[in-house]
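A.B. asks: Sequence:
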Amino acid sequence: MDEASKRLFSPADPETLFTDLSEIGHGNFGAVYHAKYKNNGEVVAIKKMSFAGKNRDEKFDDIKKEVQFIRQLRHENCVRYISAHLNNNTAWLVMEYCLGSASDIIEVLKAPLKEVEIASIIHGALRGLAYLHSMNFIHRDLKAGNILLTESGCIKLGDFGSASLASPANSFIGTPYWMSPELITAMEDGVYDGKTDMWSLGITSLELAETKPPLFHMNAMSALYHIPQDPPPRLQQPDRWSRDFCQFVERCLQTAPAERMSSEAGLGHPFMTRDRPASTVLDLIARSVRAVQSSNTAQNFRRGRKILIGAGGPGGPEIELDSDSLASEDLQLQESEENGSLGSASAVAAVVAGSPAGGSPTATHQRGASGVSTGAAAAAVAAPQSAYQQPGGQQQASLYHPPTPSSSATSLPAMAAAASASANPAASSPALSTLAEQQQQQPISTVGGVSPYQISHPGGPRGQPAFPTIKSSHIVHRERREHLQDATAREQMSNYKQLRRKHQKIVKQREAANRAEENSIKQQLDRVYTSQRDGFQKALDKLAEQTGQSRDRLSKELASEEEKLRRTLESELKARMKALRKELDKDQRLSKPDRLAQSDSTEKKDLYDLETQMRACKRRGLLTMLQFEREAAEHDIALRSQQKDMQNALLMEHHERIKKMEEEQLSALHRLKIDQMREQ
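Numbered according to this note's numbering, the sequence shown terminates at residue 1428, and the numbering increases by one at each position without gaps.
Be aware that a few hints might be false.
Derived Cβ-Cβ restraints for the label pairs, each shown as a range [stated by the list, open to error]: (1) S1389 to Q1271: 27 to 35 Å; (2) H1403 to A1307: 18 to 26 Å; (3) T1360 to T1278: 56 to 64 Å; (4) P976 to Q1390: 29 to 37 Å; (5) G1283 to A1307: 32 to 40 Å; (6) D805 to N1267: 29 to 37 Å; (7) I1057 to R819: 35 to 43 Å; (8) M1425 to R819: 31 to 39 Å; (9) T1278 to I1422: 49 to 57 Å; (10) S798 to L983: 51 to 59 Å; (11) K1270 to R1301: 42 to 50 Å; (12) E1318 to S1389: 42 to 50 Å; (13) A1261 to H974: 32 to 40 Å.
Rather than coming from a laboratory, the hints here were simulated on the basis of the structure.
Glycine included, every Cβ here is placed at the ideal spot set by N, Cα and C.
I would like the entire structure built from these sequences, with the hints used as guidance.
C.D. replies: Here it is as structure tokens:
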């Protein structure tokens, strides 16, 4: 184990720290237990998660992420982390104990919650979500089963096994029916943020209002297809609910995350801000307690009846009950339990006596001289259903079942006595009446009153102590049974998630390979382009150098020609002036001043002609240089234009090559995703 893992888990052996472990829930991860610290008796919940078998490292990484996540939380609406331990191949996550979840309440009541109760539960969950989102966390598995209730009536978020420590994220994780469209399509379409939890909150609101989430009648895999494709779900009977509640659900269930309200905005919604009684959650828990009481009464009756049926042995009366009668009684009890009407032994006695509402008397078959009615089973359930007596003789304010062994031990003598007494049908009715009166006088739980209520855990091993919970034995047994029976479905979903992660990994690898190939091709093409550009620049530099040399040479030639012309003209001028002076000296007709004047006039004229010829020579030189510069510029422009055309042709070739490569990559990636979707 690395150092990071050692810091997450306590080195203490959990087997030596805790006692009275009793299973209270089961899920895909494993089981949750009620337990106590041996040293101080503090009650805790322990989530046991096994990482043995296949994908050991992946399972352990998921466990570490959950521990790392929950240990950072410090909020009243999030389950409090206590410690984490490792025991062989099992991780023990120790948290504060909660009575049960909102899903348990729906299961116990078998009816939708009231709107004020939904508002109270959603408000607590929304506060927890707002805290998570403020830390840039995402829960990703919000549902009624992960919204927990405490004895004090506080709502808490639990089960952070799917949570993300970063937002946005793009992993495919969660429970199908509560997943948001963007979470389902995250692998193909990018990432999602905390608003995915708001979608799950909207689905949870529908679950609390209608007992089941939308599309629950479908297979989970089918639901994953319909959620992104279908319009957002709404309340099936909006007339039953307030406008604020309908609008709240509508704001949560927007397909586009940008149009969905945030957790902070949700806290300010009228559905969350309107007044509610402070005892709403406590009253809901009390109502659930009464439903649990009814459910456990029915279950204890069935157990007592089975024991009673087997009481006919050597030395005792033989009892034979018609199978149709037993089936009829089971059906009546089940219907009563589902309707929440089986809350006392009087209802049990009514069924046993053969006079249920709307029914016919139950037939009993007798063997020998003595006839035994199934009404004797009422005595068997009388003892375990009596109210728990606290020291001092005062009854506790709520239902508390004694440990299982005492119930069984007490019921057997009672069943024996009832079996003897039931030979006389007249004697059984008073007994049942007395039992019914005792049960009707039994106090009903009033949570939110003076003292906390307690219900013993009904599904654990014999001799375990009682502890507070709102789960009936039916729920505990069903969860355990479904955990065993639904292994195929869980494995299918697990395999599907692994397949999605595998496919996402393959897609990322393919995209990375495509990027690497594209970068390699681009670098290669860039080198070709750079080489060409450098060659063109060298050609331009060479041309500029040649042009400069030609310019210098031409300039020197023009300057030499100009100088040669000047010398020639000046020599000719001197010769003419010398000849003119000799000629004037020979001519005696002109006076000296006239000769000088004529000589000066002739010299000025010759100088003017010289300058004119020199300017003409310079003009010719300038024109020659201008023509040279024009030709050099044209040649340079032609060369540059040729180079640009060649560069553009090369870039177009590169563009077409990259475009073709990208099209091939996208086409291959698209085919890969289609193949993956078909495989999924």
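A.B. asks: The structure should be examined with respect to each hint, and the outcome stated for every one.
C.D. replies: Evaluation of the provided hints:
The hinted range of 27 to 35 Å is satisfied by S1389 and Q1271, whose Cβ atoms lie roughly 28 Å apart. Range check, H1403 to A1307: Cβ separation about 52 Å, and the 18 to 26 Å hint is violated. Hint check: T1360 to T1278, Cβ distance near 57 Å, so the stated range 56 to 64 Å holds. Checking the proposed 29 to 37 Å range against P976 and Q1390 shows it is violated: the Cβ atoms sit about 56 Å from each other.
The supplied range of 32 to 40 Å is met by G1283 and A1307, whose beta-carbon atoms lie about 36 Å from each other. With their beta carbons about 32 Å apart, D805 and N1267 fall inside the hinted range of 29 to 37 Å. For the pair I1057 and R819, the beta carbons lie near 53 Å from each other, so the given range of 35 to 43 Å is not met. Look at M1425 against R819: about 38 Å separates their beta carbons, and that is inside 31 to 39 Å.
For the pair T1278 and I1422, the beta carbons lie near 40 Å from each other, so the given range of 49 to 57 Å is not met. Judged by the Cβ atoms, the range 51 to 59 Å given for S798 and L983 is violated: they are separated by roughly 40 Å. Between K1270 and R1301 the Cβ separation comes to about 46 Å, which falls inside the hinted range of 42 to 50 Å. Between E1318 and S1389, the C-beta spacing of about 48 Å keeps the proposed range 42 to 50 Å intact.
Between A1261 and H974 the CB atoms are about 34 Å apart, so this pair conforms to the stated range of 32 to 40 Å.
Of the numbered hints given earlier, the model fails hints 2, 4, 7, 9, 10; all others are met.
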